Amino acid sequence: MSLHPALPPGTVDVDLHPMVPGLDALAPFLPDFWRDQIAQRGLDGFETQSFPPGAPKTVRADWRPADGTKPASTPELLRAQVLEPWGVARGILTPLYGVQLVFNEDMAAAFTTALNDWTRAAFLDHDPRLAASIILPMFNPEHAVEEIERLAPDPRFVQAMVLVMGETPLGRRHNWPVFKALVRHGLPLAIHAGSAFRNPTTSLGWPSWYAEDYAANQQGFQSTLASLITEGVFVKFPELRVVLLESGVSWLPAFLWRLSKTWKGVRFEVPWLERSPIETVRENVRLSLTPFDAPDDGATVGRLLDHLGSDEMLLWSSDWPHWQFDGPPRLPAGVDAALARKICVDNPLACYARLGQEVTP
Amino acid sequence: MNVINPRLAPGRPPAATQGLVDVDIHPRPRSLHVFDPWLSAEMRHRLHSYGLRARHGFVKGPPYFKAQPLASRRDAWTPEGGTPASDPAFTAAQHLDHYGVDIGVLNPLQPSGQGDMNNPFSAAMAHAVNEWQLAEWVARDGRLRASVVVPYEDAEASAAEIRKRAGDSRFCQVLVMSRTSHPLGNPKYWPIFEAAEEAGLPVGVHAFGYSGWPMTNGGWPSFYIEEVSEHATSCQSLVNSLVIEGVFERFRRLKVVLIECGFGWLPSVAWRLDKLWPTLKDEIPHIRRAPSEQLREQLWVSTQPIEEPPRPEQLLDCMGWIGWDRILYASDYPHWDFDDPRTAIPAFIPEAHRAAIYGGNARRLYGF
Amino acid sequence: MRHVVGPVAEIPPGSRRLVEAGGKRVVVFNLDGAFFALNDRCPHQGGPLHKGPVMGLVESACPGEYRYDRRGEIVRCPWHAWEFDIRTGRSRFDPRRVKTRSFPACIEKGADLQAETFPVRVEEDYVVVEL
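Line by line, the protein sequences give chains A, B and C. Last residue of the first sequence? That's 368 in the numbering used here, and every number before it is there in order. Last residue of the second sequence? That's 389 in the numbering used here, and every number before it is there in order. Last residue of the third sequence? That's 749 in the numbering used here, and every number before it is there in order.
No lab work stands behind these hints: they were computed from the structure. Note that this is a predicted model, so its numbers are computed, not measured. Some hints could be false.
Said to hold, decoys possible - Per label pair, the in silico range of CB-to-CB distance: (1) C/R715 - A/E319: 23 to 33 Å; (2) B/F389 - A/P245: 46 to 56 Å; (3) A/D343 - B/G341: 17 to 27 Å; (4) B/F389 - C/L636: 33 to 43 Å; (5) A/Q364 - B/E334: 36 to 46 Å; (6) A/P72 - C/A679: 51 to 61 Å; (7) A/G61 - B/S52: 51 to 61 Å.
Claimed, not checked - Listed below are the simulated BS3-like cross-link pairs for lysine-lysine, each with C-alpha atoms no more than 25 Å apart in a straight line: (8) C/K669 - B/K87; (9) A/K271 - C/K669; (10) C/K669 - C/K717; (11) B/K302 - A/K64; (12) C/K717 - A/K271; (13) A/K271 - B/K87; (14) A/K77 - B/K302.
Quick reminder that beta carbons are idealized off the backbone N, C-alpha and C, glycines included.
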């Protein structure tokens, strides 16, 4: 057993981030009115504070093209930096362009639609190994449902994505029509790191440093999961699969210990919860592996995997082009070859039914 | 009654060979008038007419209604109907004597005026609460130690209150709430750390308070069960802030104690910061020690609410990752999520570690 | 062993009485004239159940729906608020594995209890627990 097993054949990368070169790239997919607004109002791009484009963290240094082209903006870059060198068989694209931050719900819907169409035209149509997330305009759940209905017929869209820090906790009932639509189409709900900036990135107000902002995603994932569980989303929609992307992993067990402990005493407040949250999460929730927030030692990782209590929850991801590691990808120390295969191949294929249905790699 | 279950016999747990120190006891005023002797006429008027103005909407009670009255054990009301932990004699009988507590740390929560929207009032209340702790509690029971309650949203006034109490061995720490209006590492609060370090007092951060911001970074949750869970996330952001702002680099002798914040989450937070640090060094060059190293050296945690993972060894893992010398027993008396020292600190923890948790670690930290 | 808790009239419906006998500590509840006895110790951390409040049983078929009945039949531990069914001693969150011991309790006529060491009056009814 190697200390850090390599990626097995057939690996699926569940967290790839194509970067939109600019609003001009979305223009062809916008209705005339919104297309003209770009120039009329001097719109200057929707990059968000969650991933500052110039920050080393946002794009790994050796993935910034020397010729000044926008990083991660073409399928050629993705092929050259991830698919070919690492032998990745399938990849799921989740653009993080800040359409979810727009306050005007009509404008948000128009630009979100354009973003999804851009992903399809600029990436999916160019490489059969690629699949994508439907980015959801969650500011208005009706718009989100419409977007699901519009794109679900294309099997290359294998999930839908929202940001972890939204306007209201995700489990709230006004969002339920979205979950209903996802279940109807067998699409998992991906929740990705990042904020819609409707609330401070910490419950203690705005932090001083980007490092705090980035760290705060870990709290956002806990709060979002707590909301989905306590509001009863998994009771109402037991088939709903949730995938946490760029979430980190090691926070999950202790979060569940605390929530389950409290539930034993205040069950009466959420009487629809018949089962401990620990069981619910093991069945309904999956997590991408990167960033793997644990020490680089097999013994500790082994204990952590024991705390997770399931070998079916983790899905491999590179988080391209974010700088999470240098050189080629390595699975955490302490992961054996059998588990590596589950994380890289079996678990993603089980989670994303559509990956098996459409094009074979 | 020791026939049915010897573990229930009153008295100190046998493993507490270095004494039993309870770092979290919550004295409560019988009525708001107990503070009158130490308030100016103006502040007395304010207290009794406008009341405490925390950063939330309700005049009485919290925004997320507790699972039981006053969030207290239902058996903690005095025989005369007095509110929980409002009577030193009953508190001694039900708690200190019953469990053989050698030293108890008082952490007054609301109504203490901490986090009040009005800074001068918060400062006046903090002073009164500190005098009240001494007169009503410490003077009556030599086992008790007071916390320096500070008006933390006004750091200069807080520092003044700390300096006033420095050297008085009846006070053992500075007390702030976890939900401050800015993340606690913000330079706005540095005068508090400076004064605490100067006075040689640890800073106890107790979960609770109202920051004025939504309780999650995705908005206001619906339920009390979520609020309880979100104390952990608030404390995580607080730890992130202390590390990333460089508080532990600037104040190398500062000791921070997380009280009732939970501790299961701490290893993951430390690992995440360690993972982030290399990729964000360009932004935070003022961080010179690995975050986990800073926390290992300058942070302590209390046990309550004790983590209850599915399997015993998972608790052992977690405590070992934090450091067996960094964990302090706390009861949270008289609150509903109280931890009985005999049953909450499980016997599967090796005896030497239990002794440290029950008393040894707190003695070394606080110098008891 | 059988233990006479006291005259029925002294423990009216909705009330409870703590009894200690044979090295056991048991709380006896009167639910509309039927008596139930539970070990007074919560299986979690040992909270004294006789100090716990009672409420009904709330259940839900669907988030947002609350079915509330059996008022007074669920006792919550005075400490961490775990719910126990007074009729069975079973916890609500995990009835199969987490429970406090339940003891048989019944009403007997004073005339039938003459042989007991406990002083009883022939004309009264008494609550008796089997420990």
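Hint by hint, here is what the structure shows:
no.	hint	result
1	C/R715 - A/E319: 23 to 33 Å	24 Å, holds
2	B/F389 - A/P245: 46 to 56 Å	53 Å, holds
3	A/D343 - B/G341: 17 to 27 Å	23 Å, holds
4	B/F389 - C/L636: 33 to 43 Å	37 Å, holds
5	A/Q364 - B/E334: 36 to 46 Å	42 Å, holds
6	A/P72 - C/A679: 51 to 61 Å	57 Å, holds
7	A/G61 - B/S52: 51 to 61 Å	58 Å, holds
8	C/K669 - B/K87	18 Å, holds
9	A/K271 - C/K669	18 Å, holds
10	C/K669 - C/K717	17 Å, holds
11	B/K302 - A/K64	10 Å, holds
12	C/K717 - A/K271	13 Å, holds
13	A/K271 - B/K87	15 Å, holds
14	A/K77 - B/K302	24 Å, holds
Hint violations for this structure: none, all hints satisfied.
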